[in-house]
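Protein chains in written order, with our numbering: chain U, 1 to 308; chain S, 1 to 422.
What the hints contain is simulated information worked out from the structure, not anything from laboratory work.
Please note: incorrect hints may appear among the correct ones.
Here are some, though not all, of the chain S residues that point toward chain U, as calculated from beta-carbon distances under 10 angstroms [unchecked claim]:
1) Gly195
2) Ala205
3) Phe321
Quick reminder that beta carbons are idealized off the backbone N, C-alpha and C, glycines included.
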Amino acid sequence: MQWRHKDLLDISQLSRDEVLHVFETAQYFREINERPVKKVPTLKGKSVVLFFAEPSTRTKTSFDMAGKRLSADTFSLSKSMSSLQKGETLKDTALTLQAMNPDAIVLRHSVSGAAKFLADRLHCGVLNAGDGRHAHPTQALLDGYTLWEQWKDFAGKTVLILGDIAHSRVARSNLIMLNMLGVKVRFCAPRTLLPPAVRSWPCEVYTSLDEAVRGVDAVMCLRLQLERQQDGLLPDLREYSRLYCLSPRHMELAAPDARVLHPGPMNRGLEISSVIADAPRSLVLDQVASGVAVRMALLFLILTRKEA
Amino acid sequence: MSSPDLIVKNARLRGESVDLLVKDGKVLEVVPAGKAPKDAGETVDAGGLSLLPSLTDVHTHLREPGYEWKEDIATGLAAAAFGGFGNIMCMANTDPVNDKAGVTEMLLDKAATAWPDGPRLFPVGALTVDLKGEALAPMGELADAGCAAFSNDGVPVKSSALFRRAMEYASDFGKVVIDHCEDPYLGVAAGANEGEISGRLGIPAQPDAAEAIQVARDILLAEYLGLPIHLAHISCKKSVELIAWAKQRGVDVTAETCPHYLTLTENELADYDTNAKVNPPLRTEADRRAVLEALESGVIDMLATDHAPHAAHEKEVEFDFAPCGITGLDTALSVTWGLVSKGALSEDAFVRAWTTAPCERFGLPVNRFQPGDPADFLLFDPVEEWTVTPESLRSKSKNTPLLGRPLRGRVVRHFLAGKNIV
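Bound-form chain S, shown alone (with noise of 0.2 angstroms):
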């Protein structure tokens, strides 16, 4: 065995103590606490803290080009590295959007400069020129960029015609759909649950119906041209349901949810507060308690933030003119963990869909403390309690209905590909 060049000594990896080996910026080995060899490198003890592979997401809003004052990529990718992420995918919909080569180089440009060792960007391509829904955005050029994967995501296309042309054509290039599942013609894009809630407070608001009959089509379409979709931020029972039938069926489909779904309600709006105002709105707890058990089976494959910043002088106007978006990078982690330490998720699944998932349906690096992987992880204090205040964020933006409250668990220490990055 070649020598490591980091060893992590003592640290807790699903409730064994090991030692950590690292050679080369990869994983050499794991073994027994006090098991690994003298000769390394440098060595970090854990001190029993948890070992943790580096989690991805699939699904942020970074704001850069054109709504900087949101985000930029330089203070997302940080709240990223202090939330324990390593791979991110940026959406398209920034100004102008990502539906030409320049933008996507310039994304990674930007990202390697602020962040050389990451946490690693890897873009999400227009689907369709400046997401308008009416042309086909050119994906090969896309691809050949840098880009992961191709999205309309905050414009749902339309014209199931050109949904169904897109999907194809991303299959040339081996990249798979995300679509942001939202029927437009049934009810605007409110941010509110259609319900008793909406009803009382006499606010805008949508049915889940919207969701699912998007996600119906998606899986139907998906089926027919056997081709794969990624359903993004999945919130309701109604389009779990839809997506566990597709699977029995052998569609190729995969589906992502959110920390806000699992843990958050409608109830959240009760007093018009704007930072709970999202895009699908929080659901009901029927809803919640099925997009949970969804997640845990595996129905739903994966979490990702839908990291979306809003300053605070946008999100402090009248409800209705506010815009839609939660803030997620920071506090993903902790509150996700939240659900592992209560028995509500599994270690396992909360891995898995933090971490295998997403990489392998977008094929991007993963850490499974295999000999080879890349040495992306964690030290994470399960334990440690904190507060979320806008000065505990790292995100420009601070529009979480979280603020105020208490979390668990927090990243210590953030190491990818072997380098200390937090």
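Bound conformation, chain U alone (with noise of 0.2 angstroms):
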């Protein structure tokens, strides 16, 4: 398949047919991770700046490890680090880093559409690691790619998505892709943590966890910003850890063998339970090992792209 993307912005720019290139790809990607030498020179004499405006941990010591596993020259820069915390603008920042020619630019930003105001503005690709409440297209790839591992056929899937939907970027990409791949999407989240107009999104959606898991395949966990409470959208949280916290109990209502995702970092007892965490059916870990198989293949797609 070519590829025709410069950026990678929202999942709603693929079709069905790339997100399922990008998993072959990711599968490719991921017997190279397992090998004893985890290097190729795919993307030799690329480069490739992660820009992390945001704090991350674990998105970008994926895109730093799938770039030198392939090869290309990462450079770091967060917020702290770079002329934004000096007052320089985004575009500028930008601008000053096109100045250095690189292939790409990783960004993680706290603001909506951030990825898209610098791709609009730069030559190289950009990968969006997360752009406010937006999107988080890597994330949901690697989600799906981990799905996609167990399954490989989407067809007949209920996926439920739980908790803070109302925050969440991992949430709106994933309810895009899911509903790409011909899987059914169930939202649980107090009212207070639902989008508005959620009604009118192509998914259902639930206030009780007890109702919300009944016969899914899978629960995606999110991870619940502590600040909410805070915000006034909870009232503690020991009432929504006895209400929204995925235990034991709520997998026996799933379906048998139903799998439980989460994007990391969790808050155990909070919005997860431990045994739940660490039970076989979890697949946690699996999503920080898809990550990087998932973002190789999609710095391999985009560095070596052939423009039309």
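Both chains are sitting in their own frames, so use the hints and assemble them into the complex.
Written as structure tokens, this is what we have:
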């Protein structure tokens, strides 16, 4: 398949075939990650800037490792290390980086639309590593890939996304991707953590976890940002845990052999019980491993793209 | 009949070919084309162009003092003059705020220097000191200095009790309070309408109820106090329904809306276009239709630009960090005339909304083309096409989502009190 995208900003820009092509490419790179020498010269001479204007450990490390395993040179930049801290605008920071002629910039930013803002102004590829509440396409693709490895066929599957949907870029991107793959999606959260107009979204919406989890093939837990309580969106964390923490009892209501995912970092005991997080049906660590492979695939596809 | 000192020949006034006779800056008479006397001091051949009264904008932000890189009084009045506006009311959210006579006097002095023949500037004084919503501004002093009305525009007054006192106090000076209707407790002033688009984009947003709640408060206070209230930049159906209800009850309420609420919707934000980020936000198609119908029917009395200039570098940032605001003085006439051309708005409603209604409400000079009216008029080409580009705009700032789009209708000449200012 000829890859046609300069940037990866949101899942909605991809077709179903392109999503599956990412999975298949990742499968190939996954094998590299299991070799004793985990490095190939595929992207030798390419340079990738990891520009994380918002804190991140696993996504940044994952991209860094993905680039290095393909022999790309990766350069890290955080908000505190960049001139953004000195009041420079994102536009000027981006143009400065572009003047150094990188092949791609991976951007994590707290504002929705920031990756598009950058992509509209830069010649090099831009990979969205999470922009505000908007999108986290590589997370969705690694989640999808993780499930694809388990299921291969998505027909008839139902996935529950549980937790703070309103503020979650992971939920938004996964909804688009899972719908594209033919998966039925359910959302479950207290009304205060559901997006406005969510009833018009292509998913079933629940506020009761007992009802939402019934018969699902996978549960995707989301991290609860602890400041939501201070924002007045929740009475207290104890009540949230009591009503929305995924426990063994809930998993008994799900389909037999139902899987559990979490993008991390996990608040054990708050949104997911430790027993579930560590259970054999948990794919949390598989997601991390898949993340490197998927990001290798994406860097490969974007950096070796032949312009039309 | 005394002889005119200016004759405008062969103009189209509401479908009729007419000659306009002007004497001492006032309308002397409008006569059928060809019937004007020959002995005028000056004759202008309109060549069949439309004759419109100068427009009045009751809601503009000129940014001086304090933010002159966005706009200053000279450039703002230039945009007004070329955009067809003869009277401008400028809001108080400058730095320093217009809450002292000295600021009002400075505004008037600068306007008189930059544009001695107009457009005329009518400052709006602050309702509360420094717009903080904590203490009443010295409205008597401000009225004496030349303020035409009072408003906390940009910073809604949270306290209903203080807002009540402000309405009462302003009434002592015969001035109307203009309210920026927004319940600040119901979400941040994010520049996006809470709904399907904002949810999908993941941007902070505010529901239409934030506006409507404050509209309801103001209406109930106005009725209770028996005092007038003017509601600024109405954007949604819920507010329209409340205003209609209030008018049926005889409440002394007037309201304005802006060209962008009549022609654009929240869909403009789909690509995170910060030039479409405005407060109140662009709403849904149902809201747009409701506001347009309300303007036609008179439930919404008048149009205003809410001209809010911001420099390019301020808008060329991440969506959350961009300030709210759209410029309007340059484009308002063409945009709203476009609605008339399409039959979506009657010419009567257009003229009422831009001229008689605002001038009657705020006691400003108005031209109805009756003898003795100020000779404030435009020669307007209703079919000339132009494209909105940075170069085509007189405002110092170019922050409009209309950039690159074609508009139809342009001011060819603009006369104020019989003097040609454009």
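Handout entry: Hints the structure fails to honour
Key = Checked against the structure, no hint fails, so every one of them is satisfied.
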